[in-house]
Amino acid sequence: MTPPSAEAATLGAAPAIERRPPSFALGPIAWLRANLFSSWLSTAVTLLLAYFLVSWTLSFLNWAVVNAIWDVPGTGQQVDTSACRAARGEGACWALIGEKYRFILFGLYPFDEQWRPALVVVIFVALYVISAMRRFWRKELALIWLAALTAIGVLMWGGVFGLPYVEQERWGGLVITLILATFGIAFAFPLSILVALGRRQTSMPAVKALCVVYIELIRGVPLISLLFMASVMFPLFLPEGMNIDKLLRAQIAIILFAAAYLAEVVRGGLQAIPKGQYEAADALGLTYWQKTGLIILPQALKISIPPLVNTFIGMFKDTSLVLIIGIYDLLNTAKTSIIEPAWQGFGVEAYLFVAAIYFVFCFAMSKYSQDLERELDKGRRR
Amino acid sequence: MHTAMRAGALALAIALPAAEAVAQQSPTLDAIRARGQVVCGVTTGVAGFSNPDSQGVWRGLDADGCRTVAAAIFGDANRVRFVPTTSQNRFPALQSGEVDLLYRNTTWTLGREAFLGFQFAGINFYDGQAFMVKRALGVTSAKQLDGATVCVQPGTTTELNLADFFRTNRMSFRPVVIESLEEIRAAFISGRCDVYTSDASALASFRFTQGPNAEQYVMLPEIISKEPLGPVVRKGDQRFFDIVRWSLFAQIAAEELGVTSANVDQMLTSQVPDIQRLLGVTGGIGQMMGLDNRWAYNIIKQVGNFGEMWERNITPMGVPRGINALWTQGGLMYAPPIR
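Chains as they are written, first to last, in the working numbering: chain V, 1 to 382; chain U, 1 to 339.
Treat each hint with caution, since some may be false.
[Stated by the list, open to error] Computed footprint of chain U on chain V, listed as stretches where at least three residues anywhere in the stretch have a Cβ under 8 Å from a Cβ of chain U: (1) 32–40; (2) 197–211.
[Claimed, not checked] Beyond 12 Å from chain V on every Cβ pair, some chain U residues (computed): (3) G45; (4) V57; (5) S87; (6) R135; (7) A163; (8) F208; (9) T260; (10) D274; (11) V281; (12) G284; (13) N293.
In case anyone wonders, no lab produced these hints; they're calculated from the structure. Beta carbons: idealized from backbone N, C-alpha and C, even for Gly.
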């Protein structure tokens with residue numbers, strides 16, 4: 001084998017000297033020229049946007065960092081927020097977060113016991129991380145979940161192992177948001193698969209009708225009205241003195257609501273599977289459940305990952321609607337933290353704080369789903 | 001005639017113990033005792049009335065009201081379970097028995113007693129709707145507000161009262177309806193509306209939080225609605241109703257008699273008959289309600305009298321005592337005799 005240059009030499013032509021292309025045709029400068037300054041119009045737009053970007057970033061940094069008030073004298077009832085009031089509009093009052101972060105994160109949970117919900121948040125996050133790794137996708141994962149959920153229950157309620165009992169009304173903040181979202185997804189997802197399968201049962205009209213009615217009824221009303229039903233109407237039907245926990249009622253409403261939406265997403269995935277797959281599975285002599293579990297669902301769920309995660313993220317944020325029935329989720333504790341006269345008027349700071357928390361969770365979900373999609377799609381890439 | 005009288009006497013003899021038994025019976029009180037806690041419905045956060053502080057402890061006039069009931073029943077003001085309720089689910093929560101009582105700055109109206117089956121046990125705050133303007137506007141009376149732009153929160157009686165007031169006085173106005181408290185106040189400060197209308201207590205508190213800028217705002221003298229706020233219980237449980245009602249009266253009476261949480265122990269040896277009866281030294285008042293005779297002592301010792309409760313919760317908001325002063329000081333707070 002002879003290298004091409006040797007070949008060219010034998011042909012008598014001078015060897016081409018490798019020259020770098022001109023600097024304006026390659027690298028970042030070329031990219032800028034091609035994308036941002038290709039014509040006078042795009043140059044003008046670029047400059048204008050750059051101006052706004054820089055000036056907004058600077059003024060935000062000024063507000064959020066340079067002029068911000070990080071600490072105020074006093075605490076609790078004796079706090080003196082006049083420094084914050086003086087800086088109003090020019091500087092953020094992060095002292096609010098310093099004073100209230102424990103209330104925002106853990107709500108009304110007894111102050112001295114707040115290490116318990118803090119630990120619960122850590123357990124939840126660990127649970128998410130472990131469940132996200134494919135090498136843990138085994139039967140033992142169910143046991144890990146069971147153990148973690150038991151630990152969460154013990155920590156939150158207490159009443160055993162010398163932990164004082166804490167009634168559910170006092171739970172709040174991030175923990176409530178995570179509980180509602182995690183259990184909501186954990187129960188709604190399997191339910192939605194069953195409902196989606198049920199809706200495609202042409203041989204069982206009663207089951208199909210039931211599934212259709214369920215989906216259409218639930219999807220036909222707003223989540224708020226379901227929460228109202230659970231919180232306001234439902235207790236009136238129970239005999240006096242009998243009460244089902246308010247949080248549980250809200251949780252069930254959220255599960256039912258999410259399952260109806262997820263069922264349609266899953267059904268979309270089921271419909272995308274070619275008929276041949278069903279027929280091939282039948283030809284192999286698989287039973288209905290074998291066919292569904294081994295052939296159809298793995299493919300259907302894989303292609304519905306983007307809309308599924310879309311619904312999950314939506315649901316995570318929808319849990320904040322429980323504030324209308326008086327449950328202190330993360331958003332509601334933030335709202336409540338700025339009610340005290342001393343802290344009135346610092347809503348932006350409180351809302352930015354919880355927005356950052358929501359963003360971390362939602363962005364992690366979205367990022368993970370992208371990775372998972374890529375990972376599961378390896379077989380189809382050519 | 002004779003037989004009729006005999007039958008009447010017989011009926012009376014049967015009815016008397018029965019009536020007594022009815023008076024003693026209190027499913028709510030039984031449930032509270034069995035549970036060891038008073039379950040009290042409060043707001044999800046209204047400054048000065050019921051609002052959790054940085055440590056998650058409920059503060060405010062209403063929250064302290066809940067504590068008085070627990071102090072009267074158990075002798076321990078901390079045996080309260082606070083249930084935050086919204087204005088939408090507060091009444092169903094009371095109706096269904098999810099809470100024993102509501103101390104949730106709720107306005108006493110006929111409809112709520114006659115139609116919803118509730119009973120208001122008293123008034124712990126006399127509020128009313130008022131108007132606030134910027135001093136620079138030079139307005140001194142609400143009657144001069146013809147054509148004004150008014151900031152108001154939607155869906156409350158506030159909005160209806162506003163419309164009624166302007167219609168009655170044949171004036172026109174342009175409403176700016178904003179749901180969030182933060183935004184409505186920002187809109188008023190920035191000048192999007194000339195007038196901000198809400199309950200007088202809320203307006204006073206708004207003005208107070210403006211710090212050095214408070215001088216720019218004035219409240220107009222007209223109070224256009226009556227908003228008597230107080231505790232609510234279910235109808236049909238008179239014993240529990242009595243306890244809630246008289247726990248509040250005991251605090252008002254204590255203020256009038258000069259009994260405070262600081263001096264209540266010395267007052268036990270007071271020779272004033274009213275104080276002796278209040279603190280359970282004589283009279284056996286507590287037993288009449290099925291409580292310990294020291295019920296009022298416990299309330300005053302642990303929660304304080306009405307004035308102390310006010311100082312602690314409402315004064316920091318900058319709301320003057322006004323008509324909420326004792327009747328002896330020109331206000332409306334008046335407790336019937338405790339005897």
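Exercise. Identify every previously stated hint that the structure contradicts and give their numbers, smallest first.
Key: 1, 2, 3, 4, 5, 8
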